[in-house]
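Given the sequences, and given the hints that come with them, work out the whole structure.
First to last, the sequence lines map onto chains H and Y. Numbering-wise, the numbering used here puts 87 at position 87 of the first sequence, and it's gapless, one number per residue. Numbering-wise, the numbering used here puts 1084 at position 84 of the second sequence, and it's gapless, one number per residue.
For the record, the hints were derived by calculation from the structure and aren't laboratory data. As the structure is a computational prediction, the values presented were derived from the model and not from experiment. Worth double-checking, as some hints may not be accurate.
[As the list claims (entries may be wrong)] Far from chain Y by the CB rule (all over 12 Å, computed), these chain H residues:
#, residue
1, Phe134
2, Leu140
3, Val150
4, Phe153
5, Trp161
6, Ala171
[Said to hold, decoys possible] Restraint-style ranges between C-beta atoms, simulated for each label pair:
#, chain 1, residue 1, chain 2, residue 2, range
7, Y, Ser1060, H, Ala158, 21 to 31 Å
8, H, Ala27, Y, Val1042, 26 to 36 Å
9, H, Arg222, Y, Ala1066, 32 to 42 Å
10, Y, Pro1082, H, Ile97, 35 to 45 Å
11, H, Ile97, Y, Arg1036, 53 to 63 Å
12, H, Ala158, Y, Thr1092, 39 to 49 Å
13, H, Leu160, Y, Val1042, 43 to 53 Å
14, H, Glu70, Y, Gly1040, 20 to 30 Å
A virtual CB, placed ideally from N, CA and C, is assigned to each residue, including glycine.
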Amino acid sequence: MQASFDPLWRRLLQGGVRRRPARRYLAELRDHLDDLIAEERRAMSDPREAETRALSRLGSIEMLADAMIERREFQAWGRKAPVAAYLIAPAAALAAITALTVVGVVVTVKQVQAGAGAGALPGWLSEFAARMMFFSHAILPLLLAWALGVAAFRNRSAPLWPASGIVALAALGSIFHPILTLPTATTHGEVSISPDGIAGFAVLLAVAALPYAALLVRRSARERQTG
Amino acid sequence: MASTNPSFMNGVPELLVLRLLRGRKMYGYEIVQAIREETGEVVSLGEGVVYPVLHALERSGAITSARRTVGGRSRIYYALSPKGVSRLTELTELWSRITGAVQQVLVGGGRAGLV
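In structure tokens form, the structure reads like this:
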């Protein structure tokens, strides 16, 4: 990318334009600028003057950015519907994947139990169930929060809704902590919810928010350096 | 029967692009130069703003694009699709009605079917 297009790239992303159409727009603008420079050079001898005139004909950064930003079809979901993109969708994904994980474990336990008959359940089943519960309770909210943070950072979204989404994921992850009790020869199995408490929430939130916060701080420092 | 179209001015670049592409496939720079020439430079805009128009038309299915290498340079050529032909017909009729109505007002010829 030519240095002269960097400010336009930033304006487009800040304006909510998706990366792919923004990238294509800049690629075609660059080609167009090459054609304009070639045309202007044929008409005048000073290459710098030719480039200045070519840039002027291409349009100002504001004009070029606004022409793209005002078209809703190129807007990212994070811009069109930030609440849905950064708050509702990740929370719904967490709930859905957690529910599927629990159902999957329960179905597996029932299958194994049916195969074992009246005998004891194999030892690996307990380990498997515990790992799956740990995944849905601790790993999944983190993965979703990190993905959300990276997406928001790449799209240069305003931090309000991404941060809210990360807080919501940490809260849901710490509240809906599924505990699976395997059946024995004399008792039924059970799935229960055991909230972690404030400390668990705080730890989950800190780990979930760290990458997004670090990316924002680094970008801010870099932009201060470059002015 | 008049219809309301508050954004009809926004449709001018769209109309011009579709009309130009009716004849042949063109790439962005060619399209802008053709607009300048064919309108006697009356319609002149920041040349880069044609691309959002092209990309939106492509997204709506009115035009198609294909990358071709010509003279050692890779370019994206745009072509009118069947949907674009229909869109061009609609826009041309709309524009004719608008310009006819405005013209009637300018020459002071009675009640105009303003849109």
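- Message: Quick check on a hinted range of 43 to 53 Å for leucine 160 of chain H and valine 1042 of chain Y, using CB atoms only.
- Response: 45 Å, holds
- Query: Do alanine 158 of chain H and threonine 1092 of chain Y keep their Cβ atoms within the hinted range of 39 to 49 Å?
  - Reply: At roughly 42 Å between Cβ atoms, threonine 1092 of chain Y and alanine 158 of chain H fall inside 39 to 49 Å, so the hint holds.
- Mind checking the hinted window 21 to 31 Å against the Cβ distance between serine 1060 of chain Y and alanine 158 of chain H? With Cβ atoms ~29 Å apart, the hint holds.
- Item | Supplied distance hint 53 to 63 Å, evaluated on CB atoms of isoleucine 97 of chain H and arginine 1036 of chain Y | 55 Å Cβ-Cβ, so the 53 to 63 Å window holds.
- Beyond 12 Å from every Cβ of chain Y: is that where the Cβ of phenylalanine 153 of chain H lies? 25 Å, holds
- Supplied distance hint 32 to 42 Å, evaluated on CB atoms of arginine 222 of chain H and alanine 1066 of chain Y: Given a distance of about 38 Å, which is inside 32 to 42 Å, the answer is holds.
- Task: Please settle this one: alanine 171 of chain H was flagged as non-interface, so is its CB more than 12 Å from every CB on chain Y?
- Result: 38 Å, holds
- Does phenylalanine 134 of chain H really sit off the interface, with its C-beta more than 12 Å from all C-beta atoms of chain Y? About 44 Å separates phenylalanine 134 of chain H from the closest Cβ of chain Y, which puts it past 12 Å; holds.
- Message: Tell me if the beta carbons of glutamate 70 of chain H and glycine 1040 of chain Y are separated by a distance inside 20 to 30 Å.
- Response: 28 Å, holds
- Range hint 26 to 36 Å: satisfied by the CB atoms of alanine 27 of chain H and valine 1042 of chain Y? For alanine 27 of chain H and valine 1042 of chain Y the Cβ distance comes to about 30 Å; the hint holds.
- Query: Any Cβ of chain Y at or closer than 12 Å to valine 150 of chain H, or is the non-interface label fine?
  - Reply: Consistent with the label, valine 150 of chain H stays out of reach of chain Y, its closest Cβ about 26 Å off (over 12 Å).
- Is it the case that leucine 140 of chain H keeps its Cβ farther than 12 Å from each residue Cβ in chain Y? 35 Å, holds
The structure shown violates none of the earlier numbered hints.
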